[in-house]
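Participant: This is what each chain is made of:
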Amino acid sequence: MSMSVPVHELERRAARCRRKVVRMVRSSGCGHLGGALSCIDVVSALYFHTMKHDPSNPKLPTRDRFILSAGHKCMALYAVLAEAGYFDEAVLDTYGKLNTKLPGHPDMHKLPGVEANTGALGHGLSIAVGMALGLLLDGKGARVFALLGDGELPEGSNWEAAAAAAHHGLSNLTAIVDANGLQISGKTRDVMNMEPIGAHFAAFGWAVREVDGNDAGQVVEALDALPYQNRAPSLIVARTVKGKGLSFAENNVSYHYWKPKAEELEQAERELDETLKEVDA
Amino acid sequence: MFERTEDPRKTFGAAVHEVAKQRPEVVALSADSGSSSGFGDFKKEFPDRYFEFGIMEQGLIGFASGLATTGRVPVFCAIAPFVTSRPFEMFRNDLGYMRQNVKIVGRNSGVSYSDLGATHHSLEDFAIIRMIPGVVILAPQDPEEIRSAVRAMLEYEGPVYMRIGNDPIPNLFPPAPFTIGRGKIAKSGKDATLIVTGSIAANALRAAELLESRGLSVEVLSMPTVTPIDRDLILESVKKTGRVFTVEEHYVVGGLGTIVSELCGEEYPVPVKKLGLPHGYTTSGPYQELLAYYKLDAAGIADSIQNSLSKGAGA
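Chains A and B are the protein sequences, given in the same order. Quick note on numbering: the first sequence equals residues 1 to 281 in the numbering used here. Quick note on numbering: the second sequence equals residues 282 to 596 in the numbering used here.
Bound-form chain B, shown alone (with noise of 0.2 Å):
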């Protein structure tokens, strides 16, 4: 684990890209982000295939509805904020109301394009697409869940916005076949439950790891679909350790954790710690500096779960 590691944009479009080869209908859409989103070789493979139309993603999500209408399998990645807050209503009408078959990739997710400042940080993405509803969200971990992640998303019939990162990712799981809505167990434990999503789950299983060493076992559940999320897998793990934490690179308002706080406080009321980004307009630096500010490195995150354990229910 933690060992080899793959640029998760490059990983992205050569998975595309291979689904491609045998399915004819699958077409990339480019807001002069298509060379930075992997598509290279699909672009040189398929120059027919492949749509180029600069920097305009309202109308490109348009377009990806209307294309869809006719058989297409639209695929459109750019950096996450453009194609998920600055097209909100196109998103909600054109794809979720009209049901359509496109698929939206918001790459450079979080705080990974780190330096570049808020405008560029998406930590709102889970929040908004959430609410249009029949929109599957996806947050692959690793390297081979990208890949198995998007064959899921291509083979799935309706919208889906998934989202990646930027930064090279080590690989975390054995090849697996990918379920949408089901998450799995990534390290078993009794005394708290660690839910993350996306590829700080690299940070979440490390954080894991260490509180191992000092006496705590956390068990970490990964959740590669964050909508429709896995009630079942969730649910079961709380009511063996009555305590939570989530991890996501993502406000703690209106993500993962807000999606696990709906379900116990329904279901299973325990108390829920979200780790994250604080509701605020992030600041900048290089990336790994960046998470360790917001405590979403492995020593971070531990330090949260262990503090928080130490005072009880609900600290």
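One chain only, chain A, in its complex shape (with noise of 0.2 Å):
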């Protein structure tokens, strides 16, 4: 199923799955909390907006997949599949304890939805390139969508596969880059500067557009409008807040893996409910 939804409607979805976020974390106690919500408006959209995809049939051949190279905001991706229906929403409940199926970074072979085992920086564009270089082959217009991490950008395997992507002309990839600017020793640009990102994949043949990634209008437009070019991957710079819906997290880089205090916790679920009273309103 593919499912169109308004605008306003996925802001209701991207404040639920937030929650859901938070949710694993009073579970586990701690998680990857700044990038899981950076990227969870862009996932979401996939997932609720563009993405052809069956949660009673997470196998079905002609979905379109979707790959999360930035492994550790898998948190983002369990909201997104649990709000879509792939699983009882109790399983969040396991995030962080023996044997969950929610693994702090993703398992294909316990969660259905899963497509890759990623974690390793630098390695999800590949896996979408082959996967998109089958896809487009067997000519059934399934697609491939990839969330990479601006700070995994220094990955040299991610040079290799965006090389081979538009080589081969792969019109059914699109690579998000959740451009939160952040990661662990600090700003992107200071720890090893990718900027200007688009301009870096556009000089391998990709066909780049940049968004405000937490702005659920501007990311349906750009997703509306794939592919951006024939026989040419697509790119999106997301341009994303980290930790974003949270107060006190938001742009904050401590709140890339977050342990919070029981106080600390109880206001992320208070201003998440608000959230949601808000745009449930």
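Rather than coming from a laboratory, the hints here were simulated on the basis of the structure. All values derive from a computational prediction rather than experimental measurement. Every residue, glycine too, gets a C-beta built ideally from N, C-alpha and C. Fair warning: there could be bad hints in the mix.
Said to hold, decoys possible - Anything over 10 Å on all C-beta distances counts as not near chain B; from chain A, calculated: (1) 16; (2) 131; (3) 169; (4) 239; (5) 265.
As the list claims (entries may be wrong) - Which stretches of chain A does chain B cover? Using the computed rule of at least three CB atoms under 8 Å from a CB of chain B, they are: (6) 17-27; (7) 147-160.
Mind docking these for me? Both chains are given alone in their own frames, and the hints should help you get the complex.
Facilitator: The structure is reproduced here in structure tokens:
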């Protein structure tokens, strides 16, 4: 099913998913918060608006595929898959527990809907290129979406994949860089400057757009316009805010990995419940 | 035995091509390595199933993983160190952990790219790839075995690493079905068990003949599957001879010798003498001279075994 929904509904879905992220942190006591919250508007737009997929048939051969290259942002993926109905929401409360289906980096053999075992950075785009190549040859219109963090762009394997995707004209491949501008050691441009991200990919032969990745309207517009060029892969540079949606975590790198105190967790839950009320109103 | 020789790379490529004629899902991937891997005819007949990526082995393992999710059976062959040690993490995660049906083939393995030096020698591939759970490791020993191993590899569902050499290799064995995980008794004997894998098997068999002429009866077990090893065959022979030698074109640490040592250590402790390359950076030179330099020619293997046996257990 491809679920085309109004922007307001996407905002509501994303708010519900943010709340689920914090629910997972309550279960485990910790988690990669900042990146999950920065990319979640894009991931929910993909699943609730753009991608052809069927939660009741996760292996549907003609489905579009989503590869979370930045596997540490898995709470965003888990929240969206739960919201889409891939598994019972109660599973979210096993996050961080022994033998959970929701490990700290996704495992395709544990959870339906997960397409690749990512987590080691710089792998996802290559896997996505192979998938896109096979699906393009199948000729049934299936597409591949890969989400990368801006912090993983210095991994050289990404650029091997970038060259190959353009060389083989993979117009059914879209990479989205969740450019929140922060990584563990500080600002991404200070740690290893990979800007201008779009120009780098364009030089390899990709067709590029840049959007506010936390603005559902802009994200949907960019996704609806795909592919941007015949016989070329597409790149969306999604400028986002790390920790988006939690007042105390936004743009604060110390929330890359969050181990909240009780009061902070309660505040997070209050804030996101409030947001949910606002978007429901 | 030993008379007719074939180029292992051409034999390999032709064997994949044969299977591909029946199996449209078999595709070949190249890192500027396809023509040297014997894929010339494959490419000519199936241009739409032959994918060139240029020299990017890390990316290529990921592409193979992705292609496999769409039902293809990718075969990627290139120089052995560049498909094992360079993209190790991709092999581990994208093929092993993801359990993908991808076939990686390291050619010019061991020291067979002899004059090109240590960067191009592959002496740790068994050691590192066997650390990836669920990966089958094959090292066929003669042209006929390359053909049957290719068929078995493509029949098998899951990640496989196969290594082949460079120089022409002689036919050693009559055609036989290939069963992954099974070795065979290439020569019966009673004084010691000599376990060998890969194309160095020819030298091990010649060494056994030399030893026979010197009055030493060595049982030769040929092991075209390195992982999973044929435990029963080894233990049965070892219980008879009480003495083991291993021969491989690989470091003496981490490979076949280590696997056999681990097995014997747990199941039937006997001395295991490992013949192979010393754990250092190899020198270069013509292939046969290099093998002789490292005592892996027939005379060197025979002498090492004879010396060891004459000194008694553990020498």
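Participant: With reference to the structure, classify each hint as holding or not holding.
Facilitator: A quick look at each hint next to the structure:
Chain B leaves residue 16/A outside its interface by the beta-carbon criterion, the shortest separation being 30 Å against a cut-off of 10 Å. The beta carbon of residue 131/A sits about 4 Å from the closest Cβ of chain B, which is not more than 10 Å, so the claim that it is off the interface is violated. No beta-carbon of chain B is positioned within 10 Å of the beta-carbon of residue 169/A; the least distance is around 12 Å. The claim that residue 239/A lies off the interface holds: its Cβ sits roughly 27 Å from the closest Cβ of chain B, which is beyond the 10 Å cut-off.
The Cβ of residue 265/A lies farther than 10 Å from every Cβ of chain B, with a closest approach of about 32 Å, so its non-interface assignment holds. Evaluation of the coverage hint for the region 17-27 of chain A: breached, as 0 residues show C-beta separations to chain B shorter than 8 Å, against a requirement of three. Here's how the region 147-160 of chain A fares: 3 of its residues keep a CB closer than 8 Å to some CB of chain B, so the rule of at least three is met and the hint holds.
Comparing the model with each numbered hint stated earlier shows that hints 2 and 6 do not hold.
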